[in-house]
Structures are given as structure tokens and as C-alpha cells.
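Engineer: Here the structure of chain A is known, so what remains is to put chain B in place on it, guided by the hints.
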Amino acid sequence: MLADDRKCTGSGRRGSAIGAGALLALAVSALALALPAAARVRVVASTTDLGSIASTVGGEAVEVIAIAKPGADVHRVEVLPSSMVRVGKAQIYLKVGLGLDAWADQIIDGSRNARLIIVDCSEGVDVLEKPTGRVDASHGDVHPSGNPHYWLDPHHGGIVARRVAEALARVAPEQAAAFQSRAEAFAAACDSARARARARMEKLPSRTLVTYHASWVYFGSTLGLEIAGTVEPVPGIPPTGRHLDELVRLIRARRVPVLFQEPYFSSDAGEFLTRQTGIRVVKASPSADDVRPESYLEHFEFLVGALLGSQPRS
Amino acid sequence: MEGRSVRARAVFAVVSSMAAGWGIPAATAGPTNPNISIIGQPFARITDDAADPDRERLQFDPGEVELVFDDYLNPYAKAFFTLAIGTEGLELEEGYFDLVRGLPFGLALRGGQYRVGLGKQNPAHPHAYPFAERFRVLAAYLPGEEAYVETGVSLSKLMALPRDRSLTLTVDGLQGDSFRIEREPSASPDDPLADPAGLGDHGIETRLAVNGRAALFSEVGELSAVELGATVAYGTENVAADARSTVIGLDAKAKLWRTPEAYFLLQGETLWLDRPEVTWETGASYATSPVDAFGGYVYCDYNWARRYNAGVGFERFADPAPGAGRSNGFRAFTGLALFEETTVFRLDWERFDPPGSDPVNTTTLRAIFALGPHKAHTF
Numbered sequence: 179m180l181a182d183d184r185k186c187t188g189s190g191r192r193g194s195a196i197g198a199g200a201l202l203a204l205a206v207s208a209l210a211l212a213l214p215a216a217a218r219v220r221v222v223a224s225t226t227d228l229g230s231i232a233s234t235v236g237g238e239a240v241e242v243i244a245i246a247k248p249g250a251d252v253h254r255v256e257v258l259p260s261s262m263v264r265v266g267k268a269q270i271y272l273k274v275g276l277g278l279d280a281w282a283d284q285i286i287d288g289s290r291n292a293r294l295i296i297v298d299c300s301e302g303v304d305v306l307e308k309p310t311g312r313v314d315a316s317h318g319d320v321h322p323s324g325n326p327h328y329w330l331d332p333h334h335g336g337i338v339a340r341r342v343a344e345a346l347a348r349v350a351p352e353q354a355a356a357f358q359s360r361a362e363a364f365a366a367a368c369d370s371a372r373a374r375a376r377a378r379m380e381k382l383p384s385r386t387l388v389t390y391h392a393s394w395v396y397f398g399s400t401l402g403l404e405i406a407g408t409v410e411p412v413p414g415i416p417p418t419g420r421h422l423d424e425l426v427r428l429i430r431a432r433r434v435p436v437l438f439q440e441p442y443f444s445s446d447a448g449e450f451l452t453r454q455t456g457i458r459v460v461k462a463s464p465s466a467d468d469v470r471p472e473s474y475l476e477h478f479e480f481l482v483g484a485l486l487g488s489q490p491r492s
Numbered sequence: 003m004e005g006r007s008v009r010a011r012a013v014f015a016v017v018s019s020m021a022a023g024w025g026i027p028a029a030t031a032g033p034t035n036p037n038i039s040i041i042g043q044p045f046a047r048i049t050d051d052a053a054d055p056d057r058e059r060l061q062f063d064p065g066e067v068e069l070v071f072d073d074y075l076n077p078y079a080k081a082f083f084t085l086a087i088g089t090e091g092l093e094l095e096e097g098y099f100d101l102v103r104g105l106p107f108g109l110a111l112r113g114g115q116y117r118v119g120l121g122k123q124n125p126a127h128p129h130a131y132p133f134a135e136r137f138r139v140l141a142a143y144l145p146g147e148e149a150y151v152e153t154g155v156s157l158s159k160l161m162a163l164p165r166d167r168s169l170t171l172t173v174d175g176l177q178g179d180s181f182r183i184e185r186e187p188s189a190s191p192d193d194p195l196a197d198p199a200g201l202g203d204h205g206i207e208t209r210l211a212v213n214g215r216a217a218l219f220s221e222v223g224e225l226s227a228v229e230l231g232a233t234v235a236y237g238t239e240n241v242a243a244d245a246r247s248t249v250i251g252l253d254a255k256a257k258l259w260r261t262p263e264a265y266f267l268l269q270g271e272t273l274w275l276d277r278p279e280v281t282w283e284t285g286a287s288y289a290t291s292p293v294d295a296f297g298g299y300v301y302c303d304y305n306w307a308r309r310y311n312a313g314v315g316f317e318r319f320a321d322p323a324p325g326a327g328r329s330n331g332f333r334a335f336t337g338l339a340l341f342e343e344t345t346v347f348r349l350d351w352e353r354f355d356p357p358g359s360d361p362v363n364t365t366t367l368r369a370i371f372a373l374g375p376h377k378a379h380t381f
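Chains as they are written, first to last, in this note's numbering: chain A, 179 to 492; chain B, 3 to 381.
Excised from the complex, chain A in its bound form (with noise of 0.2 Å):
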């Protein structure tokens, strides 16, 4: 669509007779005056989050979708024509990486889109846990390049702007200096909303926590919690009974009181572990609500709140 447009201005700048190229470059001038709205540069992202990263970095020069659903687990995405179709109309698709969205290479393909330009936005990122032995199926959905949840640290936020920075920059040259300005602006945002999070974190009673999933480790990282355990016994097997009394002991041994868990798993392991150690579930989908510019954030600050009142009065 941009080359469209840039084929249009050419066009102008031909015209022979004086007269008619003014004419033609007021026409040129009206009509990119009411491009911006259709000649926006449409991104597909995986996630909501990495849209909304997209969204504030784009501004109104992006049109921004994301494939899994605002609460879905992204771990499991069902391949739909639809996802295809939306696929194809777009300039660039965001994948978090690290082998978590797996299912958008059969979404990418099936799109048929040539001129897609893929950025994967694992890249740069400090990743964790990244398994040093053997890996294999025993030790459940281990992904092998490492824990993909990166984006729930806000610091990588701002280092995933910047790379969308830089491929928005390949299809809008010419908004590149804008496009970069408010990537800075984004890490810098992030960056503070991480340090006022922190300072907020050093006046909990207790900084452990247990999740049920292993979606939570940037985040504990970057406010200085420890994870003391997990409800599932490895990554994507469900927690047998010996596993539950084992994390009981845990918990009460190290007074943990919040329990984060993804809403698309199974309450039953959290009421059980409410009811033997009174532990506080927080019920929070890893992934923001939807593809707004303040969503990534808003996020972020929605989990850290949840954490703080969780906290049992002192």
C-alpha cells in the first residue's frame, strides 16, 4: 500500500505542462492529507502486549492486532483461516520467540504473505532459565532457549520497542526519527515504571511468592522476588497430590502469601492450597487486556497492585 502511494507522488512530479503538475501535486498533496487513515502500517503481533508495545511505538501510523486473545494461554493458539487472512493484509508480524509461539510460523505460512517482514522480539532480551543439560520431555514443556515470558519484565519492554522501532523504520522511512523518538520515550517509561515498582516492593512483609505456571519469573525477577515454588511439578503438568502437600509444607514453612496463577488453569490446586495455608490466589492473565498504547503498562502496574494487596495485613 505505501509503495502504492509513493508510485502516486511520483506520477505528480511528471507532468508536463506547469499548469496541469500544479494541479496535480495540490490533487497529490489533498490525497496524502487523507492517506494516513488507510495507509497505516498494519502489524500482527502474537501476543496483546507486544501490540501494544507496536501501537505506542507506531502511533497513529500503525494499525495494530494481536492473534491470541487478551487471557488465552499463548502457549496454545489454535490456527485459524481468519488469523491467515489477517496475516496477509499485514506489513509486519511481532513473535515473542523462544519457542512459545510456535503455532505462528503455521499461521505466517498459511497467510502466504511474501513481503512479511517477521521480527522476532525474543532478540536482546536477557533471557532466563535457559536449560544448560540435556533437555528432553521429562522435564515437561521446558522451552529449550530459555523461559519465554520476557515481556513481563518492563526493561525488555522497552528493548522490544526498540526492535519494532527498527522494522517499523523499514516500511516508513520516512517516520523513522518518529518512529525511534518514541521508542526511547517508551524504555525510558518503562524503565521508570520498573524503578517505582521496586522502591513499592521494599515495604512487602514477605517477597516470596508462588505461581502456577512458570509465566512469573521476569516478573519476580525484576521487582527482587523470589518464586518459592510452582503449582505444577514441571512446566505444563498439572499438580499431583504428593506435589500439592509438598508445596503446603513449603508455603508454611516460608510464610509465602500470594499465589499467582494464569485464569486458564484449574482453581482446584489453589482453593486446596487457600484452605490448608490461607495463601492468596491472584487470579492475573500474563498478557495485557488488548493492543491499546497504554495497555503494556496499565498491565504491569494492575499486576504489581494485585501483588501489593494481596498482602496480608501486618
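Just so you know, these hints were derived from the structure itself, not from any lab. All values derive from a computational prediction rather than experimental measurement. Hints should not be assumed to be uniformly reliable.
Subject to a maximum C-alpha distance of 25 Å in a straight line, what follows is the list of computed DSS-like cross-link-like pairs (lysine-lysine) [as the list claims (entries may be wrong)]: (1) Lys247(A) x Lys80(B); (2) Lys377(B) x Lys267(A); (3) Lys247(A) x Lys377(B); (4) Lys247(A) x Lys461(A); (5) Lys80(B) x Lys267(A); (6) Lys267(A) x Lys159(B); (7) Lys80(B) x Lys122(B); (8) Lys255(B) x Lys159(B); (9) Lys159(B) x Lys377(B); (10) Lys377(B) x Lys308(A).
Structural biologist: Showing chain B alone in chain A's frame:
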């Protein structure tokens, strides 16, 4: 039979060790090593079928082992190979390439041997079914024995429609081998099948078959979706008699999510078969009797807690033979997935009521276990 089973196990052991040597985890796939998956599907069965010599005795069967190799060939194309190890030994079930980008008009091209897209169930591999056995109407009506698998080329186009709907159009040009039906020899001395030196019914000749499909997909609300499809398949069943078969199918699938961890799946197909029966008549001529048959299946499957499913299914179809009656089948099924597709157990009970004989009750427990990477499910 026992010898074949031992041979199948031996081949499986050899290929498994080869795969282990190559490195099954996805992380080791790359320019030289494709993704490799091995899927075992052994089952235990008990039936009261009077025609089964093992009736009312528990039978164990190693089932079919699938070996799947796939990866990108280059930035534009992917390749897939599925080898099946069963009682017949090792055979190629599928081997094809997909040109996924770079063609004009957003077309995609598939070439090789593949499960033809007739309806929703035929293109899917059996391990992906929510029950232990596929519906009998498919075996009765679709070309081919186990499934409608052909060699040929397929062109498809995905089109965007308003309101997030899409239409996929697919046309296949196929070798047509699956359509061939071997005629029963007659007692007539001038029957071409009676001449061992002759060409018979020209069974070794090929005639092109075609398959065309249109599938309309629509999202429903935030998570749910519906797909409606129509397929026409056309091929030659007997070259010498110039007898041709047509299968017309209509299918529907709806996936309705109740919560982020529970959904209903409703799926059904109706099939109409026009497959004339060919005979040889004394006097050096072929005769054809029209066979028009209609049937279909429908099932409902409820999935919850990411690992359990339970459902019921029903099928009814006219047997594709002149003057034959109708068969009815009812089934109830349930399943447990320990962790996605890595280890799945499927338990079916089926009551099948063929025309002119007693109903048959069959209970099947199938274990499906898969080594190696598995892909996301396509709607």
C-alpha cells in the same frame, strides 16, 4: 499375521533408534536435520461381531506407527513425509511439498502424495481424532481403502471476506488410483478378466481425477468459530467400462468455547456417492448398474480442563451396492491426555447395526503416544 507384526515391531525399533541418533528434540532440527515425530497407536479391542474369529475375546494390536518428517526446504517451501508402519510393513502414507509463498495471486501449491481435502475428517491423521476409530461411512464412500490418499497437485487460494470471514478454494488434479475398483470376474469365457495375457479392464492405465473444495470460515464471538465446506470428487473406477464415480460432500464444524479451558466441538459430514457397479455381460459388453448412496455422520465432543474429553457420535448410511439396506452406528467416547498429544488414551464404545445382520458392539481402548515436536492444531 504374527510374522508381519514382529516385522513391524522390528522396523519400528530400527527407525526409532535412527531417530534417536538424529536427535528428536525440535532444537536439533535445522538445515540438515528435519523435525521428526514418531507416533504409536496400539489398541485393545473386544467385540461381539459374529464374523470376527476373536469375538468376545480381548485382542491387542500394535496399531499403526506413524513417522513424520517435516521442515522448510527453503524460504518458500516446506516438505512433509509420513511413513506408516503397520501389518503391511513400512509404506509411504504421505510425501509432499508445499509452496507456501512466492506464487502469484496468493496461491499455494502442494505436490506429491497426500490425504486429499474431502471433508474435515479425511485430511486429518487418525491420531488427531477425538475418538479411537473413524466413522465407517468414510471407508464406505471415499475413494481408497484406509483413507483418500492420492498423488497429484493442489492449488489453493485463501480469500478474505467481510466481517473477518474467509473462503478457501482448493482444486486438486490427481492420479486417480484411489477410484479404481476391481470388478468381480464373471463366469463368461469372453470376460477380459478371464484372459491372463490380456489387458483386463485396463486396470494399469490411469485416468485423471479431480477434487474441488470450498470452505467458508467465520469467527463467532471472541473465541468460537464455524466452518462450512463443500467438496466434489470425480474419478474413473473402471477404465475399460468408462465408469466414473462422483462423491459430493457437505461438512460443518463448530467449536464453541464455554470458558478459556472448555469447549464443545460439533462436527458432521454428509456424503452422496454415485458409483455405478460394473459387470461383464456375455456378449462382449460391460453393464453398469446405478448405485446412488447417501449417508453421513455427526458427533459432539466436550473438552474440559485441557486434558479430558467425552462425546457421542451417530452415523447412518446406505451401503453402496444395488439393493443394499442402511447401516446405523452409535458411539460414545472419552479421552484423557496426560500432556497434550504426548500421551493420550481414547476409549470408544460403538454399536453398529448393519442391514440384514445382528448389531455389533465393539469397545476399543487406544493409546496414542508421540515422540518429538508436535504442531499447533489447525481449525
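Engineer: All the hints need checking, so say for each whether the structure fits it.
Structural biologist: For each hint, the structure was consulted:
Restraint check for Lys247(A) and Lys80(B): the C-alpha separation of about 28 Å exceeds 25 Å, so the hint is violated. Distance hint between Lys377(B) and Lys267(A) is fulfilled; the C-alpha atoms sit about 24 Å from each other, no more than 25 Å. With a C-alpha separation of about 19 Å, the suggested pair Lys247(A) and Lys377(B) falls inside the 25 Å cut-off, and the hint holds. Proposed proximity of Lys247(A) and Lys461(A) is supported: the alpha carbons are some 17 Å apart, at most 25 Å.
A hinted pair counts as satisfied when its Cα atoms are at most 25 Å apart, and Lys80(B) with Lys267(A) qualifies at roughly 22 Å. Under the criterion of a C-alpha separation no larger than 25 Å, the hint pairing Lys267(A) with Lys159(B) is consistent with the structure, at around 14 Å. As the CA atoms of Lys80(B) and Lys122(B) are separated by approximately 22 Å, the hinted pair is consistent with the 25 Å bound. Using a Cα cut-off of 25 Å, the hinted pair Lys255(B) and Lys159(B) holds, with the two alpha carbons roughly 20 Å apart.
Distance hint between Lys159(B) and Lys377(B) is fulfilled; the C-alpha atoms sit about 22 Å from each other, no more than 25 Å. Using a Cα cut-off of 25 Å, the hinted pair Lys377(B) and Lys308(A) holds, with the two alpha carbons roughly 22 Å apart.
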